[in-house]
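Produce the entire structure from the sequences given, and follow the hints as far as they go.
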Amino acid sequence: MNLATINIAAILPTLVLSVVGIVVMVAEPFVGEQKKSNLGWLAFAGTLAAMLSLVPMANNRGQWYSNLWIVDDYDVFLDFIFLLIAAITILTSMDFLRREELNHPEFYSLLLFATAGMLMMAASNELVMVFLGLEILSIATYVMAGFRRADLKSNESALKYFLLGSFSSAFFLYGIALIFGATGSTNLLAIADALRSSKIQISLVSLSAALILIALCFKVAVAPFHVWTPDVYEGAPTPVTGFMSVGPKAAGFAVLFRVFLTAFPSIEDRWGSAIWMVAALTMILGNVIAVVQPNIKRMLAYSSIAHAGYVAVAFAATSDRGVSAALFYLLAYSLMNLGAFAMVTIISRKEDKLVNVTDYAGLGSKRPGLAAVLSLFMLSLAGVPGTAGFAGKFFIFRAALESRLVWLAIIGVVTTVISFYYYLSVIVQMYMREPHDEFSDVRLCGSLKFALVISAAGTLYLGLLPTRVLDWTTTAALR
Amino acid sequence: MFSRPKHMEFVGSNILTIVTFTPAAGALLILFYNRAHARSIRTFALIITLLAFVFSLYLVARFDSSNPDFQFGVRVPWMPSLGIDYSMGVDGISLFLILLTTLLTPLAILASSSINDRLREYFIFMLLLESGMIGVFASLDFFLFYVFWEVMLIPMYFLIGVWGGERRIYAAMKFVLYTMIGSVLMLVAIIALYFIHGNATGTFTFSYPQIQSALASGRLVLSPAIELWLFVAFFLAFAIKVPLFPFHTWLPDAHVEAPTAGSVLLAGVLLKMGTYGLVRFSLPLFPHISHLFAPLISMLAVVGIIYGALVAMVQPDMKKLVAYSSVSHLGFIVLGIFSFTIQGLEGAIYQMLNHGISTGALFLLVGVIYDRRHTRLIEEFGGLANRMPVYATFFLIVTLSSIGLPGLNGFVGEFLVLLGTFGVNHIRAAVAALGVILSAVYMLWMYQRVMWGRVENDRNASLADLAGRERAMLVPILIMIFWMGMYSSYFLRPMDASVMKLLNQTQAGRVEYARDLNTFLSAQRRARSASPIGRSLKTRSASPIGRSLKTRSASPIGRSLKSGCAGSQQAGGADEVVRSALHVFAELTTPALQPFLRLRPIGLALRPAVAPPLLCEEGNVLASK
Chain A
1 MNLATINIAA
11 ILPTLVLSVV
21 GIVVMVAEPF
31 VGEQKKSNLG
41 WLAFAGTLAA
51 MLSLVPMANN
61 RGQWYSNLWI
71 VDDYDVFLDF
81 IFLLIAAITI
91 LTSMDFLRRE
101 ELNHPEFYSL
111 LLFATAGMLM
121 MAASNELVMV
131 FLGLEILSIA
141 TYVMAGFRRA
151 DLKSNESALK
161 YFLLGSFSSA
171 FFLYGIALIF
181 GATGSTNLLA
191 IADALRSSKI
201 QISLVSLSAA
211 LILIALCFKV
221 AVAPFHVWTP
231 DVYEGAPTPV
241 TGFMSVGPKA
251 AGFAVLFRVF
261 LTAFPSIEDR
271 WGSAIWMVAA
281 LTMILGNVIA
291 VVQPNIKRML
301 AYSSIAHAGY
311 VAVAFAATSD
321 RGVSAALFYL
331 LAYSLMNLGA
341 FAMVTIISRK
351 EDKLVNVTDY
361 AGLGSKRPGL
371 AAVLSLFMLS
381 LAGVPGTAGF
391 AGKFFIFRAA
401 LESRLVWLAI
411 IGVVTTVISF
421 YYYLSVIVQM
431 YMREPHDEFS
441 DVRLCGSLKF
451 ALVISAAGTL
461 YLGLLPTRVL
471 DWTTTAALR
Chain B
1 MFSRPKHMEF
11 VGSNILTIVT
21 FTPAAGALLI
31 LFYNRAHARS
41 IRTFALIITL
51 LAFVFSLYLV
61 ARFDSSNPDF
71 QFGVRVPWMP
81 SLGIDYSMGV
91 DGISLFLILL
101 TTLLTPLAIL
111 ASSSINDRLR
121 EYFIFMLLLE
131 SGMIGVFASL
141 DFFLFYVFWE
151 VMLIPMYFLI
161 GVWGGERRIY
171 AAMKFVLYTM
181 IGSVLMLVAI
191 IALYFIHGNA
201 TGTFTFSYPQ
211 IQSALASGRL
221 VLSPAIELWL
231 FVAFFLAFAI
241 KVPLFPFHTW
251 LPDAHVEAPT
261 AGSVLLAGVL
271 LKMGTYGLVR
281 FSLPLFPHIS
291 HLFAPLISML
301 AVVGIIYGAL
311 VAMVQPDMKK
321 LVAYSSVSHL
331 GFIVLGIFSF
341 TIQGLEGAIY
351 QMLNHGISTG
361 ALFLLVGVIY
371 DRRHTRLIEE
381 FGGLANRMPV
391 YATFFLIVTL
401 SSIGLPGLNG
411 FVGEFLVLLG
421 TFGVNHIRAA
431 VAALGVILSA
441 VYMLWMYQRV
451 MWGRVENDRN
461 ASLADLAGRE
471 RAMLVPILIM
481 IFWMGMYSSY
491 FLRPMDASVM
501 KLLNQTQAGR
511 VEYARDLNTF
521 LSAQRRARSA
531 SPIGRSLKTR
541 SASPIGRSLK
551 TRSASPIGRS
561 LKSGCAGSQQ
571 AGGADEVVRS
581 ALHVFAELTT
591 PALQPFLRLR
601 PIGLALRPAV
611 APPLLCEEGN
621 VLASK
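In order, the protein sequence lines correspond to chains A and B. Going by our numbering, the first sequence opens with residue 1, and the numbers climb by one from there. Going by our numbering, the second sequence opens with residue 1, and the numbers climb by one from there.
Check the hints yourself; a few may be wrong.
[Unchecked claim] Below are the SDA-like pairs computed for lysine to any residue, each with C-alpha atoms no more than 20 Å apart in a straight line:
#1 366(A) x 36(B)
#2 366(A) x 116(B)
#3 174(B) x 414(A)
#4 174(B) x 292(A)
Hints were generated in silico from the structure; no laboratory data involved.
Take a look at the structure:
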């Protein structure tokens, strides 16, 4: 217990994000209307700087600040995912904000703060720390969801997310209180130690684990805690939806793995089958309901639920291989889903109006380049070999079978086939239906192109040559 | 001995890579073409496919017929930490299937002259499809095989969905979803096999030859229940692809809606991937269960032969007729495969080539007339022989080849299959032979209605005969029809060594297996009678099924297993065969289903270490008694 050992390097990325976020916010009134998008580039530079500062952070492994803060490979890999998500989201939002006349750079500040919250969640070794990160992330996201102030749907989205999110935070706090009562600590390692001794009231611990599990399941949107997702995703501005579908999800899983595999492994028999059922239910519900969605944002919302189900399969494997597969999948999923949402942002045009799957009719003949890129993301989300989505699913099912979760793997692959239906129906619209729209007002500015290139290249790279990243996730999983 | 020049060695070890990826490289190059240059895109695509064909001729020229193993092997680590290699090779079984692919694709491209819409994308997908198909036949790594197997669906999906007929979207979606559902289960089985092999031998690899030799040499032993599950997963993927009755419903839709070139490749090559999978994977990897299920599968094949022929007979649409005739012909192939005789297997492989050529040609011919009249309904035609004599002659030869006229290619394959089957089961062979007669009925009847008589429909009065391009695409097929009919040993000889090796692998250990299986089943029964579920199951022995269980050793399957010879099955009725096969299935699967019923995380015993000890224990108990 020595607060004097302040280690700047260990928290450098979080620090960079926070400082840049504050700078963007403070600078806003001093920047002319025309130059406001420059602040977006400043925020983008901030995420790149944070990514660079991962290097000094990675050289400072260990626990810092009274064991509140942990730096390990797991943390570094997840931070990389979070920063990538933030960077791509900033690139996607710049044009969107200009188009919707919402050019308020505090959007970028909020995004950077949310990302800082995610970094804290991945690095925390302590439940109270997790809660701090979770709240920083959530509050920033509530505001972002309601960013189109004049739009009723956006307001509804923010309010719903806020009410249900607060509720789940309360669950989380309750869980922390109970575990503190049972073990006398909120430090994950201390909890794990305490659980190994016999004097623990196991029912109290189980209740607390259940409350924490429910709160986090809400954050990652797995069934049966997924009901808020479609409405919130539909109403939020499209780039924010993209961010919400990957960022908080990845952060939530980061905490789930950390908390349950560090603190609660000794009572695995009590939560293992719950995860099994959550995974199975999520894959089935997400994929089946996505089939009937006419609105592409809702369809992608249900698809994001389904993908959380696949990560939950890796969680149910409760092995290092499972964690490694989940980390790989989170990266792959983030890239392809952000790419898909970037395309939705482009096609939806003024006021986020054209968001039905049928609005994509004939895109293949009018804008073949855009259609090809969106097809790549759809095929990858569906899991066609050669794309990141397939590699990720392959690793997850491999981990599941290694842990002998045969039925979970079978449910997983069969629901994958269902998912082919709705992903391919986007391709059907683009290539096999007659265009009733010229797509002449579809603009593609530099930042969006950049975002699409990053996501598409990443999707292909992870699909064709996954070895290098997989090796990285394997070391990250061993912690 | 002389040392070969350097460049020959390079070609020798990389020829499969070159053949497989020439079309894909061509597809990439087409991307750089201006879409306005339709003519040069067509020519370029044709040249690329011809190039791939020429490269594949090298395989035939250098193929060593006396060697039963894989040749032209290439193996490069792809994802070493997972045991996944880029590994390819051909043996006598896959050699001519690759040739068939490279031969049919240029012809299909010649048949694409009516495509004018989005030409560039069309040829890109055609070329990618060819790469995928060759890759399926050439890959020797399970992961690589699966990648090709799945990736190939996407170009076919686009070919049907974009350039197809009226109900093309429905047909394309049905095609993808149907084939996908089978293949994802195969993926699970592949990963399971990977772990089972890895846990038993210590090397985690997806290499097909390694896993196969571990199974053949006994270093890896699968328990009956696991072998059954793996077999079912693989079989479902292949049976849907074949398609075996009753999994055939996607085929007529896909065929009718696909553009001509798509139908040619679908019938000519894609369907062969299913039968190839049965020969390459199901038989050598799961020989015991294959033998056990052979009667059931053969029966499905025979039903498919008759059913396909009868449905073909009443089709008003020529393309649909040919599609259903495919169901019938593919039944012959499956029948030959599951006869487990050298004649049957070689006949089946030969029939794969025949069907590719004859049915491919039929689709080409139907495409020719469709380009002229934009209809395929038989009643629209009549008397075409008067207006298009050359066309009628070509059509006649192909029709006769499809029927199996002696001297033409179809005869050799069907004869060998029937010969192989007859040695095993007279009834099946006799019923299948009925299919040959039915095929003559529906094909000749169609020919008669389309070609003969007077021209009564005015729109047929001014039809032009075959143009130079159309002759160019049909002549190679006619040459193949006569060549394969007259000089079949040229094609059969390279198969001999590999097929013999395959048969030896599948025959080994059958007799002991029957004993093992009986021991295993009785162990399962005893274990179950201790549990509540087991007790409820036990009461079943009062039911007819239960009784048939007890008397199983007297049932055809029991007997055939014990005698190690499939020849004695003819005595039992078909009903009995099915019932006992289903029974063994139920016996083996119930223990695996039990944990699922209790809704708990499942620990299906993946490691052979779990099940065999049970076998051994029970065996010891029995021995001590």
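Hint check results:
no.: 1; hint: 366(A) x 36(B); verdict: 15 Å, holds
no.: 2; hint: 366(A) x 116(B); verdict: 17 Å, holds
no.: 3; hint: 174(B) x 414(A); verdict: 15 Å, holds
no.: 4; hint: 174(B) x 292(A); verdict: 17 Å, holds
Checked against the numbered hints given earlier, this structure breaks none of them.
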